[in-house]
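Student: Bring the two chains, given one by one in their own frames, into a single complex with the hints.
The residues making up each chain are set out below.
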Amino acid sequence: MIQLILQQGVSKELVNFPHILEFAYRKNSTIQLNSFSTTVTGCICLYYILDGKFNWMIDSQSYTLFPGDCTIVLPGQSIGGESNVLNIGTLYWIKIAVDEGGKLLMGKWSGLNKNEKLSVNQILIVNKGQLVLKLKEAHILMQNLQAELRNEEVGFFTRVNQLLDELFILISRQLIRQHNSRRDFPQAFLKLEQTLRKDLEHQWTVEEMAALTGMGTTAFTEKVKNYSGFSPLNYLINIRITEALKLLKRGEVNVTDIALNTGFYSSQHFATTFKRFTGYTPSEFRKNNRSKS
Amino acid sequence: MDCIITIELGTNAARVFAFDLSGNVIAFAKGHYPTFHERHDQSEQDPDQMFITMLYVLKNLLNDKVYPKKYVVSCICFSASMHSLLAVDKDGVPLGNSITWSDNRGKKEASDLKDTQLGKEIYSATGTPVHPMSSLIKIAWMKNNQQEKFSRTSKFMPIKSYIIQQLTGACVIDHSIASATGLMNIRNLAWDTTALDFAGITAEKLPDLVPVFYSGIALKKEYRKALKMPPSVKILVGSSDGCLATLGAGVWQNGKATITIEDSGAFRVIGKEIIDDPKQQIFNYVLTEKYFVSGGPTSNGGVIFEWFTKQFGDFKNAFDIDHAMDALIREASEVQVGSDGLLFLPYLHGERAPIWNPNARGCYFGVNIRHERKHFIRATIEGILFEMYSIGKTLEKHRQIDSLSINGSFASIPLCTQIIADVFNKPVSTLSHGDSIGVGAFLLSATEMGMFPGLEEASQMVKMHQTYLPNKGDHDIYAQYFRVFENLIAKIGVEFDEISNLQERYGG
Numbered sequence: 004m005i006q007l008i009l010q011q012g013v014s015k016e017l018v019n020f021p022h023i024l025e026f027a028y029r030k031n032s033t034i035q036l037n038s039f040s041t042t043v044t045g046c047i048c049l050y051y052i053l054d055g056k057f058n059w060m061i062d063s064q065s066y067t068l069f070p071g072d073c074t075i076v077l078p079g080q081s082i083g084g085e086s087n088v089l090n091i092g093t094l095y096w097i098k099i100a101v102d103e104g105g106k107l108l109m110g111k112w113s114g115l116n117k118n119e120k121l122s123v124n125q126i127l128i129v130n131k132g133q134l135v136l137k138l139k140e141a142h143i144l145m146q147n148l149q150a151e152l153r154n155e156e157v158g159f160f161t162r163v164n165q166l167l168d169e170l171f172i173l174i175s176r177q178l179i180r181q182h183n184s185r186r187d188f189p190q191a192f193l194k195l196e197q198t199l200r201k202d203l204e205h206q207w208t209v210e211e212m213a214a215l216t217g218m219g220t221t222a223f224t225e226k227v228k229n230y231s232g233f234s235p236l237n238y239l240i241n242i243r244i245t246e247a248l249k250l251l252k253r254g255e256v257n258v259t260d261i262a263l264n265t266g267f268y269s270s271q272h273f274a275t276t277f278k279r280f281t282g283y284t285p286s287e288f289r290k291n292n293r294s295k296s
Numbered sequence: 000m001d002c003i004i005t006i007e008l009g010t011n012a013a014r015v016f017a018f019d020l021s022g023n024v025i026a027f028a029k030g031h032y033p034t035f036h037e038r039h040d041q042s043e044q045d046p047d048q049m050f051i052t053m054l055y056v057l058k059n060l061l062n063d064k065v066y067p068k069k070y071v072v073s074c075i076c077f078s079a080s081m082h083s084l085l086a087v088d089k090d091g092v093p094l095g096n097s098i099t100w101s102d103n104r105g106k107k108e109a110s111d112l113k114d115t116q117l118g119k120e121i122y123s124a125t126g127t128p129v130h131p132m133s134s135l136i137k138i139a140w141m142k143n144n145q146q147e148k149f150s151r152t153s154k155f156m157p158i159k160s161y162i163i164q165q166l167t168g169a170c171v172i173d174h175s176i177a178s179a180t181g182l183m184n185i186r187n188l189a190w191d192t193t194a195l196d197f198a199g200i201t202a203e204k205l206p207d208l209v210p211v212f213y214s215g216i217a218l219k220k221e222y223r224k225a226l227k228m229p230p231s232v233k234i235l236v237g238s239s240d241g242c243l244a245t246l247g248a249g250v251w252q253n254g255k256a257t258i259t260i261e262d263s264g265a266f267r268v269i270g271k272e273i274i275d276d277p278k279q280q281i282f283n284y285v286l287t288e289k290y291f292v293s294g295g296p297t298s299n300g301g302v303i304f305e306w307f308t309k310q311f312g313d314f315k316n317a318f319d320i321d322h323a324m325d326a327l328i329r330e331a332s333e334v335q336v337g338s339d340g341l342l343f344l345p346y347l348h349g350e351r352a353p354i355w356n357p358n359a360r361g362c363y364f365g366v367n368i369r370h371e372r373k374h375f376i377r378a379t380i381e382g383i384l385f386e387m388y389s390i391g392k393t394l395e396k397h398r399q400i401d402s403l404s405i406n407g408s409f410a411s412i413p414l415c416t417q418i419i420a421d422v423f424n425k426p427v428s429t430l431s432h433g434d435s436i437g438v439g440a441f442l443l444s445a446t447e448m449g450m451f452p453g454l455e456e457a458s459q460m461v462k463m464h465q466t467y468l469p470n471k472g473d474h475d476i477y478a479q480y481f482r483v484f485e486n487l488i489a490k491i492g493v494e495f496d497e498i499s500n501l502q503e504r505y506g507g
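Here the protein sequences come in this chain order: A and B.
In terms of this note's numbering, the first sequence is residues 4 to 296.
In terms of this note's numbering, the second sequence is residues 0 to 507.
Source of the hints: derived by calculation from the structure; they are not laboratory data.
The beta carbon of each residue, even a glycine, is placed where N, CA and C say it ideally should be.
Be careful, since some hints might not be right.
Straight-line alpha carbon distances no greater than 25 Å define the calculated PhoX-like cross-link-like pairs of lysine-lysine that follow [stated by the list, open to error]:
#1 B/Lys58 to A/Lys249
#2 B/Lys58 to B/Lys227
#3 A/Lys249 to B/Lys220
#4 A/Lys290 to A/Lys228
#5 A/Lys252 to B/Lys148
#6 B/Lys89 to A/Lys252
#7 A/Lys131 to A/Lys201
#8 B/Lys396 to B/Lys289
#9 B/Lys89 to B/Lys148
#10 A/Lys201 to A/Lys252
#11 B/Lys142 to B/Lys89
#12 A/Lys98 to A/Lys139
#13 B/Lys396 to B/Lys271
#14 A/Lys194 to B/Lys396
#15 A/Lys137 to B/Lys309
#16 B/Lys29 to A/Lys278
#17 B/Lys220 to A/Lys290
#18 A/Lys249 to B/Lys89
#19 B/Lys113 to A/Lys228
#20 B/Lys220 to A/Lys252
#21 B/Lys289 to A/Lys226
#22 B/Lys68 to A/Lys228
#23 B/Lys119 to A/Lys249
#24 B/Lys58 to B/Lys219
#25 B/Lys89 to B/Lys278
#26 A/Lys194 to B/Lys315
#27 B/Lys113 to B/Lys392
#28 B/Lys233 to A/Lys278
#29 A/Lys111 to A/Lys98
Ranges between beta-carbon positions, derived for each pair [said to hold, decoys possible]:
#30 A/Gly79 to B/Pro67: 52 to 58 Å
#31 A/Ala222 to B/Gln310: 19 to 25 Å
#32 A/Thr221 to B/Gly449: 26 to 32 Å
#33 B/Gln459 to A/Lys201: 34 to 40 Å
#34 B/Gln310 to A/Ile91: 56 to 62 Å
#35 B/Lys107 to A/Thr42: 45 to 51 Å
#36 B/Glu272 to A/Thr221: 52 to 58 Å
#37 A/Ala222 to B/Thr115: 51 to 57 Å
Only chain B is shown next, with the shape it has when bound in the complex (with noise of 0.2 Å):
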């Protein structure tokens, strides 16, 4: 019998999914790897680590639970998390740790661009908007800040390509995952000599580009017996987490969007037309040369609701955060709709859409003598879901949506996903397989197999599990406190510099 896999590089961990060809899933595990801060703007992952998790992950699977049923591997299929990028000398070997999307050092080089007319052009060219994530910025700000890296640097690659390249020799990128460097075109799916010229590098430095269904690589003769794989094993060279995860989500007819709520999160859309956003609010993906992947990501997901019961929560036995949140939840569930006039601004960590400003702070607005700590809960939550509206709400300017899918931890709690049903005030559905971007990679991999005609039939497959449908009253509640959320985050105008500056300076 044959089996696709599909590996993540994720932002945490690698996982590993065994499909058998009707995706259904034979087999699963992950292994995680950390991420370095060695100053608070820092985050960074080594890359040799990351290499040598996924390997031996990807092994134990095949032996322990993949090979024992008799299935063959006909296919793996990549996918990794978007903006990270390896510097490489020309021997291949890196200089250095991998930088993560959340690295946030190129926060000045990014703010001078931004607003210029340069800025614009390359945000219109390449869909990704201008902030320190991007490869773009990563490399200005490398040339900037360290030369002698800078120049010793044979070509700048992302994680992903990385670890194709140790596995099969070759050094390739995909669309998908280019097209969040905020380097290449997304018109003409090649390099932009412009963002190019900013960041100071040529083609040469980069990866060959290669559409998400290249299959032309072979994994090293080596790594092929190592993992007893068949020398017919087809390595597809994948796409990004946040396409695969909205194709894994099912949401190609038009009217549909996803949400995704992770430690981060984001709302997508699938479309064949470019978003181009004066505001450069929303980005725009390649998934295949036909559609294009618009939304926006926040940095403020899950994360600060892990942050509010690390500090908040009560925990019966150490490091039992689950349980700790269970609690928590169970008492947010009993505060009204609204926490009762308490609100929250979520930007613990600064924010990306909409409002992609590196700068801004939280705030709980409204605290009144009759608060508890249960409604500072459920503000929290709300608050994180109105963030996730406000996003919806760019999109919505240029997409009709009707109904939205969710998928990633936090949004699938059953409390969030009311939530997020009652703001939108639209029907809200949870998807039936927990994964989005493994069954995204599945359906990737069968579209090229020939089990599909395309992406769009492949999609049709993704099964909805629960609708939970939009309470009236509550919405029109949520609408009225949403405007006092909306109308703060616009009054604040230089105070998110001005204290972020003041916590650089003497908070430590």
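Next up, chain A with everything else stripped away, as it sits in the complex (with noise of 0.2 Å):
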């Protein structure tokens, strides 16, 4: 096959696809000074590799990529070949524009709905720091976006956007097997809470939930009742819960701010639901346990 490269307002190619910024097939044969530096990416930008050998730093971290491996860099992560160089090999990119100010990585050309969308955001973020995976699976896939990019027949529209949809669901998913062993769930249920601590402000679905353990939502929430004695929902509350009883205690934060820092829509809503638990209004407890230290 010989190279490609196609590019938003040069390549003809692109004109129906605003929001692919960029779509290359590259043999590199020769090495050259400065032909791939350390750049902050303002775009997703999705890598794999078809032959040789890629020495690169991805957000400042060093990684060798061979044939068979994918990596993603998300808006605001960095991406260069060490020593700045591109290495000699084969390889395909895409590089895919973010909504502006959008809080979703995919954009309306996606045919996900809106909790798919949330969930593959969800999941991308979270393993950002775990960014080169094992995907042969996405060959074909940037194989048959060549042609259809190239062919433009008939339903060629639609098929990019579903090979992309396609590409999405897929690392997603990867990312999930390969961060997950699928054994342990209390491994798995501590991680998912370690990242909704990290995140109690967002209104967490349980689409999301489960998809963050690669589990469907009816035997996520089946398992996680099983394993915690609460609803996924429930469970999440309970937190939300804690971490407002210690805010209370530490006196520094003012309740409205507690209420939506930890999750609540409201701090009526934070007052009744801390209520129903201990019995007391969040100012009450606060005037009962408050650490003057």
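Tutor: As structure tokens, this is what we get:
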């Protein structure tokens, strides 16, 4: 296959796909200075290695990528070759724009529904320290993308976006598989709990929580109930109240901010939930339990 | 109708039972809380999460299962796992998390003290083996490594005292839990000044000591209302999980002992005498002023079989470990007694009794070319139970033991129960009630309420379910393998320290 580098604003093939900033199939046969310097990306970059061995710095860590490896770099992360050089070999890459100000990584082009987009988002963000995946299945998707973009046969517009969706789904599932043993539920649940605690403000849904453990919602809900004694959402409320209780004791943050920081819709919602749990309103509780030191 | 609520603050979960006054279970619920391991030797839990979880479980149980049946709560009795330690400031606010029994950060403080004259005196006075699990060592470690936190601490308390303080305002610790801190003199039931000196604290830094029957505390009005409890509800401070599991296993009479194996395990007896063991292998915890629970704990129980299953089991569905374990057990039962000569030292978590060596590590020994996976499965199970046998043997030097009762999910697997009977060559009974800790707490409450003249009479009410008899021929085979097991452990000396140090250096 011949090399192909498509760029938004330059290549007519991308006119219909404003979200695809770049698509490339590249055979690199010489080493050139500054051919791949480290830059912080403003979009999502996906690389898939076909041939050769690539030494890259991704988010200040060095990685060696081999054929079959795929790496995903999110906006704000950096990537470049070691010594700013692109090694000899063959690879695909694709760069996808994220919506201006949009919270979701996957824009309007995607056919995923809102909950699915949220889940993919969570999985990518939670696992952004784990950048390199073994993902041979991505090869065929990249090949098909290339063919659709070049040939523009009937239905190509839909097919290209479908292939991108497939790529994101594949990567999300692989991230979960590669970083969860799927044998050790207590460990997966502990990881989930730590993720929840880091972002209690977020309005977590059961779908998102289930996705982070790589399970379907029904199986996930049943497993959590069995293991913890609580439904997933009640377990989450439990953590929210625990965190709120700690903040109330510490006495630095005001009650409204505590409510919002710990994921309640309003201070009213917080006050009723807290009272239902403890018998105290948050301010009564604070009066009785605050640390003065 | 009156009912009794028992609340157990266990290692992984709060478990709440409602009993009617005849001891039948009306309702049960549990709520999990996590253990955090920021470093490999660190093991902590969030005290406020434990409190909220306990409260949530209790409330749901009352509203969903107890009140609809028109029961009125007459008594709440507490139990908790031993050896937890929480530091709080002068306003009672936690300084960080609660440190659990399995935290090993005080390894150096413990090994420096253990074999000294002082260490021997402290063990003999407090009944608690010198080990990183004890509050004695944890506080000494904090003094040496977290000076700022140490000096800001107004009270050091176990998680149970913290939870009771949240609910009632009182800062108390029962004799059972206190006898597992390594700080209380088990003969006069007062804080031991020699131990306190070593830890670097005074008695004011600890909660007030009270008997397990103490009920001079009351729920704060807000919690009583939120839980819809009558003003008459009695709050019984209760005991520790270990002591109550022994009481709930009905092993009061001479000649009886109980084996508990959940994730970890223990071999225990009850008696009026303290076993003062020159080798410091045996703990003596206070059940009441007159009775002591003596025994030895292993850190390597069902958790080791779980480890094996996760690594080598067949998972049909994601996370379905129960199915995978059942399949392994079936495979193990096809293998002959003694696993055709494959032995396993189960020390994946280091070990407490009987060798008390945090640096001990696991080992498969005697592997030959004919051994298959199924031999490794059975050897793993036999190794865990051989370890329990070696603890039992240290107790048998001091007490005559004729029969055993067992509890805990691992020991109750029929294959395991039969192996225990064969290895010990003693009849082994399973209990008709699955949760001995809850039953123990019920018996304690019922005795306090005057339904039994004493705990001894109360313990008679525990019913055995089924008895497994030993097979003499199998015992003879196990006995021969056990000799090799025992000698092997005795021969590995400094190598345990060396491999553990290398693992710390290179193992990440």
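Student: Given the hinted pair lysine 252 of chain A and lysine 148 of chain B, is their Cα-Cα distance within 25 Å?
Tutor: With a Cα-Cα distance of about 17 Å, the restraint between lysine 252 of chain A and lysine 148 of chain B holds, given a limit of 25 Å.
Student: Are the Cα positions of lysine 89 of chain B and lysine 252 of chain A separated by 25 Å at most?
Tutor: holds (13 Å)
Student: So if I understand the rule, the pair passes when the alpha-carbon distance is 25 Å or less; does lysine 58 of chain B with lysine 227 of chain B pass?
Tutor: Measuring from Cα to Cα gives roughly 9 Å; hence the hint holds.
Student: Is lysine 142 of chain B close enough to lysine 89 of chain B, meaning Cα to Cα at most 25 Å?
Tutor: Cα-Cα ~18 Å, so holds.
Student: Within 25 Å, alpha carbon to alpha carbon, are lysine 249 of chain A and lysine 89 of chain B?
Tutor: Satisfied, since the Cα-Cα distance of roughly 16 Å is no more than 25 Å.
Student: Under the criterion that the straight-line Cα-Cα distance not exceed 25 Å, is the pair lysine 194 of chain A, lysine 315 of chain B satisfied?
Tutor: holds (23 Å)
Student: Within 25 Å, alpha carbon to alpha carbon, are lysine 89 of chain B and lysine 148 of chain B?
Tutor: holds (12 Å)
Student: Are glutamine 310 of chain B and isoleucine 91 of chain A spaced within 56 to 62 Å by their CB atoms?
Tutor: At roughly 40 Å between Cβ atoms, isoleucine 91 of chain A and glutamine 310 of chain B fall outside 56 to 62 Å, so the hint is violated.
Student: Does the Cβ distance between lysine 107 of chain B and threonine 42 of chain A fall inside 45 to 51 Å?
Tutor: holds (48 Å)
Student: Within 25 Å, alpha carbon to alpha carbon, are lysine 29 of chain B and lysine 278 of chain A?
Tutor: Within the cut-off at roughly 22 Å; holds.
Student: Holds or violated: are the alpha carbons of lysine 68 of chain B and lysine 228 of chain A at most 25 Å from each other?
Tutor: holds (24 Å)
Student: Starting from lysine 220 of chain B, check that the Cα of lysine 252 of chain A is at most 25 Å away, please.
Tutor: Roughly 19 Å between the alpha carbons, so the hint for lysine 220 of chain B and lysine 252 of chain A holds.
In summary, the numbered hints that this structure violates are 4, 14, 19, 21, 23, 25, 32, 33 and 34.
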